[in-house]
Amino acid sequence: MPISHNPPAPCTVISSGSPIACAPTSSLSLTWTYLTGCNPTMTKRTIPLALLSLAYASQSVAQEPPEVTPLYEEVLVTGGADAIRTLSGSASFIDEESIRAFDSTDLNELLGQVPGVYIRFEDGYGLRPNIGIRGATSERSQKITLMEDGMLIAPAPYSAPAAYYIPNVNRMAAVEVFKGPAAIPYGPHTVGGALNLVSPKVPEDARGELDLAAGSDDYRKVRARYGDTVGQFGYDIDVLHYGADGFKQLDSGGDTGFRRNDANLRLMWRSADNAELDQQLELKLGYADEDSDETYLGLTDDDFGADPDRRYVASELDTFESEHRQAHLLHSLSGAEHWDVFTTAYVNQFDRSWNKFDGFIDGQPPSLVLAYPNIFIDEMALLRGEAFSDPDDESTIIDVTNNDREYGSSGIESRLTWRLSVGETEHRLRTGLRYHYDYVKRDHKVRGYLMTAEGLVTDGLGERYKKALNKAETDAWSGFVEDEMQWGDWKFNVGVRYEHIEGEFDNELTDTRSDNSESIVLPGAGLFYQWTDDIGFLLGVNKGFSPAGPGADDSVDPEDSVNYEYGVRFTRDTMQFDLIGFFSDYANLLGRCRVSDPSCEVGEEFNGGEVEISGAEVTANYVGAWVDGLTFPVELSYTYTESSFQNSFLSDFSQWGLVRAGDELPYTPEHQGRLQVGVANYRWSVYAAVKYIGKMRELPGQDSFNTATSTRSLTTWNLSANYDITEDLTLRLIGENLSDEREIVSRRPFGARPNQPRVLKVGVNYRF
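Going by my numbering, the first residue of the sequence shown is number 1, and it counts up by one from there.
Treat the hints as calculated values from the structure; they're not laboratory data.
One thing to keep in mind: the hints can contain errors.
[To be verified] Simulated crosslink set (DSS-like; lysine-lysine; CA at most 27 Å straight-line):
#1 Lys-761 to Lys-221
#2 Lys-761 to Lys-691
#3 Lys-467 to Lys-445
#4 Lys-543 to Lys-221
#5 Lys-445 to Lys-466
For clarity, every value in this text was computed on a predicted model and none was experimentally measured.
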């Protein structure tokens, strides 16, 4: 039986497969054989947790199954497209057909249809997304909670939250974004919101899929999937490869592209039909790797104007390599119609090595050189390969640093849902408890290279020194209690989250060790009132939080905010409209140093004081049927944002510098939006989408925009056409950035960086 395929439409329900479940307990040995190379401390702590989960899952059952919520519904944080309409908090749901409509491999592009989400583009392919929600900094997605199937998936969300790994969105069945009180059960980062990537479920019957695509710059994609369920057992195999030769051109020639591989195995077991309690168990094993010729080095504004796709010779050795391994256990247990228990245990291992240009051995910071090329003429000549290094002058020797890091995370979480009635009020009580451990090891090695007529040549000294040699680790206990009450047309949601975090930081370069501990209570409440059959109102407030890292100085406070939201929802037939306002009142904004920031150590943190962020989010969907046999879907999203520092100060953090009260936050556009229109019938569909992102500041500021420290607005057009040649074979044509609009989308880390040029793709999807 083929995997179902339908023309994309707003709020389409995810179409393929059956409830997720998993393998019997014998799979535990496979998990640990597979995860060889894990940090010993992580292994020691995680094995008992996994055993506990399996022991709990394997309790014997008998008799007749009750009506229960499938495990797959548990991993849908929002509850799915229909449940969003009456949530007492704001959320967005992107279904599988929407992901496939433009064959999305770039999470940045896909999230353009979600209001309140801010993206800072970097490499043009979305390899390392920079995602922020409601003004929370987008820098490496460090201020949002990232999950896969409801489990933390960032490499080290407590110890080093910069997300250098995010699952490939092209293999996902849905993407969920939720904010405000809806984020209470999910932490640790609740200042903006959370993002949940939902993987496909095991199919109910034998079915497979082969998806092929090719396009500009030697873009290629292959995805193969096959699965089946026989009796109580099922499996699903999913393999993905995609890559491109890159659209940038090195002055010296050479590669600027990337390749990614992603393989996943799911094993499922579920209880018999005559079981007294309904259970589902799933084991997911995943492996992903990447090899990309990506750099931090951008261009001067003048060089960008002449050729935005140029790359200087000084970046010719830049290479990013990574491997990610994961083992996830999911178990659901349901009793009658009143309660469910959902338990997850997870182990993630991520290793990366980024060998890249990082300036000069003893010279000016590259960001300063690129900002003032007419002053640093000699340095610019070296970057372009127009002048050569002097072995006796270290200011002319290129610094190529290998940022080698190892990340690990593991944990176990159990959630209980209890449904009961008290008088005329229906209660849905939820409570959860999670233990989580993560760590990061940094080993940043510096080597010197001479710029010569043949390009970069080693200076023969090997490793000169280390910029970083440290380990940060965190143990965190968290829990929440939430009561969703339905009384007539009123829905109330009251909850509280608790976090207790203990961290250690060991700096081997300075032979120092520090530790910190913090506990915080995070309350929240939401209200939804169904005024008429078509119109509902929502109101919510919650306390936002993002923890400081294990190595934070005693003077550094965690990020702390109070977030408000209020709005109206309208639904009638095929029309939906949401208007939601938000206001975030920060007691403290937290800045975190990255490798590209001068004059600070990696992971060092800074207080930004009080900040206010406010705005409005608009979502509108409509499906017209003016011609027999045709549908005309329209989708609109728009975000308006205001932001301002409330204090004046001078910060050692280069991303802030001199701040005046009233300055707007960097990379937070005032206006952004997306409009998509289409026409579809049972066999074909055509969709056109236009996206607008307003100008943004590189540094805090107000009033007029300085061209040298800002980015201009950008408008791009995408087009997708799908045609079902047969019931099982679909042809797809896609055009991205059809007008070939080119702008500076970021000046970080070093210099001006372009968006992706026009890209054309053709693909076929075969289902069997």
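Hints and how they fare:
{"no.": "1", "hint": "Lys-761 to Lys-221", "verdict": "10 Å, holds"}
{"no.": "2", "hint": "Lys-761 to Lys-691", "verdict": "19 Å, holds"}
{"no.": "3", "hint": "Lys-467 to Lys-445", "verdict": "6 Å, holds"}
{"no.": "4", "hint": "Lys-543 to Lys-221", "verdict": "42 Å, violated"}
{"no.": "5", "hint": "Lys-445 to Lys-466", "verdict": "5 Å, holds"}
In summary, the structure is inconsistent with hint 4 from the numbered list given earlier, while agreeing with all the others.
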